[in-house]
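Asker: Each chain, written out:
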Amino acid sequence: MNDVMTNAMTMTQEMTNARIKRFSPVDRLYHLFLMLTFLIQSATGFSRLFFTTFWGKQLGNVFGGYDTSLTIHKWVGVFMMIGFVIHTIHLLTRVQWRNFPQSVFGPDSLVPNFNDARHLWQRLRWFFGLGSPPKFDRWTYWEKFDYWAVYWGLPLLAVTGLMLMYPLLTSHLLPGWSLNIALLLHRAEAVLATSYIFIIHFFIGHLRPTSFPMNEAMFAGSIPLEEALEERPDWVARLSQEGPLELVNSKPPALWYRVVYFVFGYAALACGVYLLINGIIHSGAVRLH
Amino acid sequence: MMLQVLISPNFAVAQEEVASALRRYKDREVSTGYYEEYEVLPGRQRSPNLVPSLRRGVLPLSRTAARVRIRTRLADSHQGIKFYSVLRCEYCHVEQTKDIHTVRANLTCRQCHGREPISGIQFAFSPMNPIRRHSYVCAKCHEGASVSFATYVVHEPAAGSLTAKNDFPILYYSYWFIFLLLAGTLAFFIPHTFLVGVRELIRKVKKPKKDGERHDIGDGDQEVKPADIIRGDEPDDRRQDEQDAKQEDIERSDARDERRDDERDDDDPRDDKRTD
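The listed protein sequences correspond, in order, to chains F and C.
For the first sequence, position 128 (counting from the first letter as 1) is numbered 128 according to the numbering used here, and the numbering increases by one without interruption.
For the second sequence, position 273 (counting from the first letter as 1) is numbered 273 according to the numbering used here, and the numbering increases by one without interruption.
Source of the hints: derived by calculation from the structure; they are not laboratory data.
Be careful, since some hints might not be right.
With a straight-line cut-off of 27 Å between C-alpha atoms, the simulated DSSO-like cross-links for lysine-lysine are [claimed, not checked]:
#  : chain 1 : residue 1 : chain 2 : residue 2
1  : C       : K204      : F       : K21
2  : F       : K57       : C       : K165
3  : F       : K251      : F       : K74
4  : F       : K21       : F       : K144
5  : F       : K135      : F       : K57
6  : C       : K98       : C       : K165
7  : F       : K74       : C       : K206
8  : F       : K74       : F       : K57
9  : C       : K98       : C       : K140
10 : F       : K144      : F       : K57
11 : F       : K74       : C       : K204
12 : F       : K135      : C       : K140
13 : C       : K204      : F       : K144
14 : C       : K98       : C       : K82
15 : C       : K204      : F       : K135
16 : F       : K135      : F       : K21
Nothing here was measured: the structure is a model prediction, and the numbers come from that model.
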């Protein structure tokens, strides 16, 4: 039995250029779009949130001042809403309606299921050396959390943002004190989103040992088979049962492309960390409401 | 008597106190029939503003205390305060200087509350009275402000406080909902992510043995199914020379592994222990 295992591992070591497709070009485009808009929104939003501090004023000056940064914030917000609507329509077209429950609750879907709770429990045990790490399928529970956090956070920010953009219209439809609530929710949800992305998402994407210096999956679109076998053996097993692995092989990214996305990724990381650190430093000057 | 008439201030504006603004409003409406066209009825859209009430706190205010503390219906809400002329608003109204209108828009108190005497917000003729606040105060900057718009609470209470729970419960519950969500998410995911980092670092430092076995509990998947990844039966579309190179590599590494197996049988005590 040992021989077989040895053989298998040798095979995997040899197949270093075998890769599995993980994200389609459209998925990557959504992520890129979200990266750019999210960073602009956080920078312009922070410049207004921290306006009472010197740093906030300086940050606002980058975007042309207190008022202009609001204009940018509104426009980029509208683009994000359009992106959200397009993404939702795209999602609906991707659901295989013919085998409806399976396609939505199956392993290729980002909808959380019971396995995620099991994986979380296994992983918490693994942290303290009480068991083996869970064998993830295509999406891990924290990736699903990432996705749904954005997916529900975006409409909340959009609705409250629209309310604040058109206060008079809002006060026709709702009582005026709903603007108090809208401002509170917009601010607190933005703080939640930025702190989650700039601390946890960045750590998972860049700093955790298996990703360091950068998890390239979202830019390259594919990951090495080895990596998938290490963390997501159930996915590889499922793929090989469904058909030959060759079908999902994809080319490694070209060198120039890797250089581009490393530079871009690190620039985005630097922006986020800059905002995070300064936000923490000046957090005494702001309140959630 | 003439003198008294001359020096006393305007009767209607400054001195009259109305027990109920609502009663006065209804009287006027009934008598004219078209009052509503000129002044908009606040109706149900009342602002959850912080009007001190007798029921505030654990014990209700005494009659005397109420006369001193509750000044929302007075024509001059500061009447009787000692040395009033040398005080500044923010000496007493500390919390009211921290809201967006003051901090962001740099408004001063007087730009909304007007000159002395500053009447209570429920005084019948106060510009701040909810029946006309939108047009007399808000619309100075927010053109087209409606009654509903004027129910926006400018001096909002601290959202998590018990004051807010009393006066503006929706704000209070929204605050605690979003705050617990924020704190809970970070409180779970920050330690979680940190532990992931530590655990993966340990795994990376202690590399698995070359034979593919993990020797420590919790160091990865011990049951990789070879059937899942061997792909021998599929058509090979690589160039001929690539295939050859690959084949040689596999053979070479097989030989290498056999050699290593032999070595390990001799001198690796840990492995022996494990097979025991």
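Asker: Does each hint fit the structure? Answer for all of them.
Answerer: Against the structure, the hints come out as follows:
1. C:K204 x F:K21: holds, 25 Å
2. F:K57 x C:K165: At roughly 34 Å apart (the allowed maximum being 27 Å), C:K165 and F:K57 break the hint.
3. F:K251 x F:K74: violated, 40 Å
4. F:K21 x F:K144: Given pair F:K21, F:K144 holds - Cα atoms ~18 Å apart, limit 27 Å.
5. F:K135 x F:K57: violated, 49 Å
6. C:K98 x C:K165: Since the Cα atoms of C:K98 and C:K165 sit roughly 19 Å apart, the hinted pair holds (cutoff 27 Å).
7. F:K74 x C:K206: Measuring from Cα to Cα gives roughly 50 Å; hence the hint is violated.
8. F:K74 x F:K57: holds, 19 Å
9. C:K98 x C:K140: holds, 21 Å
10. F:K144 x F:K57: Distance of about 37 Å is beyond 27 Å: violated.
11. F:K74 x C:K204: Between F:K74 and C:K204 the Cα gap is close to 45 Å, so the pair fails against 27 Å, i.e. violated.
12. F:K135 x C:K140: violated, 64 Å
13. C:K204 x F:K144: Distance ~25 Å between C:K204 and F:K144 Cα, so the pair holds.
14. C:K98 x C:K82: holds, 25 Å
15. C:K204 x F:K135: holds, 18 Å
16. F:K135 x F:K21: Judged against 27 Å, a Cα distance of about 19 Å means the pair holds.
Figure legend: structure checked against the earlier numbered hints; hints not met, in rising order: 2, 3, 5, 7, 10, 11 and 12.
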